[in-house]
Amino acid sequence: MPKIDITEKAKTIVEQLKDKHGDLIFHQSGGCCDGSAPMIFEKDDMYLDESDILLGEISQVPFYMNKDQYEYWKHTHLTIDITEGRGASFSLEIPLGLRFIIHSRLLTEQD
Amino acid sequence: MSYSKPKFKDSYGNFINGKFVDPLGGEYFENTSPIDKSLIAKYPRSQKEDVELAVDAANAAKDAWGNTSAAERATLINKVADIIEENLEEFATVETLDNGKSIRETMNADVPLSADHWRYFASCIRAEEGSATELDEHTLSMNIKEPLGVVGQIIPWNFPLLMLSWKLPPALATGNCVVLKPAEQTPSAATLLMEKIADVFPPGVVNVIHGFGPEAGKPLASSSKVDKVAFTGETTTGQLIMQYASKNLNPVTMELGGKSPNIFFNSVMDADDAFLDKCIEGAVMFAFNQGEVCTCPSRILVQEDIYDKFVEKVIERTKAVVQTNPFDDSCMVGAQVSNDQYEKIQSYIKIGKEEGAKVLCGGEANTDGDLAKGYFIQPTILEGHNKMRVFQEEIFGPVVCVTKFKDEAEAIEIANDTLYGLGAGVWTRDGHQLYQIPRAIKAGRVWVNCYHAYPAHAPFGGYKKSGFGRENHQMMFSHYRQTKNMLISYDKNKLGFF
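Line by line, the protein sequences give chains V and U.
The opening residue of the first sequence carries number 1 in my numbering; numbering runs sequentially from there.
The opening residue of the second sequence carries number 1 in my numbering; numbering runs sequentially from there.
Simulated from the structure, these hints should not be mistaken for laboratory data.
Every residue gets a Cβ at the ideal spot worked out from N, C-alpha and C, and that includes glycine.
Be a bit skeptical, because a hint or two may be false.
Unchecked claim - In silico BS3-like cross-links for lysine-lysine, where the CA-CA straight-line distance does not exceed 30 angstroms:
(1) U:K19 / V:K74
(2) V:K20 / U:K42
(3) U:K464 / V:K67
(4) U:K79 / U:K7
(5) V:K11 / U:K464
Stated by the list, open to error - Pulled a few chain U residues facing chain V out of the computed Cβ check, cut under 10 angstroms:
(6) S38
(7) A41
(8) R45
(9) T235
(10) E354
What the hints assert, rightly or not - Not everything, but these chain U residues come out facing chain V in the computed CB check (under 7 angstroms):
(11) S11
(12) G13
(13) N17
(14) G18
(15) P156
(16) E195
(17) D199
(18) P202
(19) F212
(20) G213
(21) L240
(22) N339
(23) E343
(24) I351
(25) R389
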């Protein structure tokens, strides 16, 4: 399992969203436009099954990725961060004028 | 030559029932230009209640609009094409400011092509006929095409006017009413168009709602009063929209991402001629529209015996790309659409380097002079192998990954080793390869000895995780209609059952 982490700044936003929306999940989107980025939704908004891999929990929010995509990501360590931005997806942080983004690095033996 | 920035009002409304109206909650968001982060205007931050107003207006208009003649609908659609064409420069400058793309693209591609899509569908609906079959001597089966009713359309920010012009005309031509939500990064072109065509269609036939995805997009996609949703965007949102559609048992069409291979066989270098020149340009097409195209040819595959020489030419041509103020007509590659895209692209270049990809040119943001005020990225070529993340994920920036292949079999294997199947390019002088390689590639559009052409008359859409359904081409009408089958008996005699 690759390690997954979250920056302090991003954590603050996750907490803010939890207060407003309750239990949440992250799902890593595939390509196009606003894709290749993590999206955050209310826990029951998205139908998940065995084709979604649970990478771990950050700020008590489970982080999922589609199995096919995970095959290409499994050698990297991911850090969820937040930046100014817009997005046309349904990710809940968008109305705040913010977008979650991912910083990646290769997994090391220590990981 | 440099064009002037267009002027805007302070704020705009939603276009509902033939009029501009303020959002019910009174909230707006600021839309800025990616060229210099300057404020363009404020647009409505719509909520569920605003979407409902638009959906209700469309429902109220649908019966009358659905019963208009094809001739009447075609006349109005043609009027829109004329209006776009008459205001070419205004649309082009608005699009450049809002999206960040170069003025030479908006003047020569986005806007003229948009007008052409309206005209294409206006002509198709006049030429089209239904069908009738005599099943036996007494029985006629007649197929009448009927509109679905109200269609929700969610469009992306990479070609704001063109994506609107891909989606609206076929839906309107087939007699549907539409509620369209532009991407919040680029709300301006749709608004300008509604200003110019406000009186063309009866009230309620076309409605435009602005706002954020979770607040305005989701209520539109999940509305039980909408009969179909057409979406262009990324996979997770596509999956969510399909979930919502399943609740309403509504049809959907999905145009999602891609990671398109652009394959160059060794015969392209058989001569140093105009065709080779075209091939080099075809490879550099990755930088077209700042790489913000779902079919961006973001993986270049070159046959190993010409690899070094060919790639050298591609690097040279890429280095010659002019990146300057997008309002200057010498600009070839403009600004990325937003800060998050800008950061995402740089983060991909970083992981590419970490995975061992070699930077052949570019590799950084472009912060020369005034470009530092906006989101400019140097056209970048990374060399590596197809298992690297930069070869597998859509970066949506001017970043291409190049690798080599030995023979046809390996070219096909690498080309198809992707989750996506939207576009592909095949370049060769070999007559057999011209046909056989495109047939072996699992993608909805294979450009052969060309790339990035999008004529209205050619169907476009994805295989695999790039979605389903087609856009452009008359066949698109089938995505916006029901088939009414009338089964008519001309037999005077009973069956004899009862």
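Do the hints match the structure? See the list:
As the CA atoms of U:K19 and V:K74 are separated by approximately 51 angstroms, the hinted pair breaks the 30 angstroms bound. Under the criterion of a C-alpha separation no larger than 30 angstroms, the hint pairing V:K20 with U:K42 is consistent with the structure, at around 25 angstroms. As the CA atoms of U:K464 and V:K67 are separated by approximately 15 angstroms, the hinted pair is consistent with the 30 angstroms bound. With a C-alpha separation of about 24 angstroms, the suggested pair U:K79 and U:K7 falls inside the 30 angstroms cut-off, and the hint holds.
Taking the CA atoms of V:K11 and U:K464, the gap is near 35 angstroms; set against the 30 angstroms cutoff, the hint is violated. Taking 10 angstroms as the C-beta contact cut-off toward chain V, the hint placing U:S38 at the interface is violated, the least distance being around 15 angstroms. For U:A41, the suggested interface contact is broken, since its CB lies about 15 angstroms from the closest CB of chain V, more than 10 angstroms. Against a cut-off of 10 angstroms between C-beta atoms, the interface hint on U:R45 holds, since the closest Cβ of chain V lies about 7 angstroms away.
The criterion of a C-beta within 10 angstroms of any C-beta in chain V is met by U:T235, whose closest approach is roughly 4 angstroms, and the hint holds. At about 5 angstroms, the closest approach between the beta carbon of U:E354 and any beta carbon in chain V falls short of 10 angstroms, and the interface hint on this residue holds. Here the hint on U:S11 is broken, as its CB sits about 17 angstroms from the closest CB of chain V, past 7 angstroms. Below 7 angstroms, beta-carbon pairs count as interface contacts, and U:G13 has none with chain V, the closest being about 19 angstroms; its hint is therefore violated.
Taken as an interface hint, U:N17 does not check out: its beta carbon lies about 24 angstroms from the nearest beta carbon of chain V, beyond 7 angstroms. For U:G18, the suggested interface contact is broken, since its CB lies about 25 angstroms from the closest CB of chain V, more than 7 angstroms. For U:P156, the interface hint holds, since its Cβ comes within 7 angstroms of a Cβ in chain V; the closest pair sits about 4 angstroms apart. Restraint check, U:E195 versus chain V: the minimum CB separation of about 22 angstroms is more than 7 angstroms; hint violated.
The interface hint given for U:D199 is violated, since its Cβ lies 29 angstroms from the closest Cβ of chain V, which is over the 7 angstroms cut-off. Interface hint status for U:P202: violated, as the beta-carbon distance to the closest one in chain V is roughly 29 angstroms, over 7 angstroms. Because the smallest distance between the Cβ of U:F212 and any Cβ of chain V comes to about 5 angstroms, under 7 angstroms, the interface hint for this residue holds. Hint status for U:G213: holds, given a least beta-carbon distance of 4 angstroms to chain V, under 7 angstroms.
A hinted interface residue such as U:L240 counts as satisfied when its beta carbon comes closer than 7 angstroms to some beta carbon of chain V; here the least separation is about 6 angstroms, so the hint holds. Here the hint on U:N339 is kept, as its CB sits about 5 angstroms from the closest CB of chain V, short of 7 angstroms. Here the hint on U:E343 is kept, as its CB sits about 5 angstroms from the closest CB of chain V, short of 7 angstroms. A least Cβ separation of about 4 angstroms between U:I351 and chain V falls short of the 7 angstroms threshold, and the interface hint therefore holds.
Look at U:R389: its Cβ gets to within about 6 angstroms of chain V, closer than 7 angstroms, so that hint holds up.
In summary, the numbered hints that this structure violates are 1, 5, 6, 7, 11, 12, 13, 14, 16, 17 and 18.
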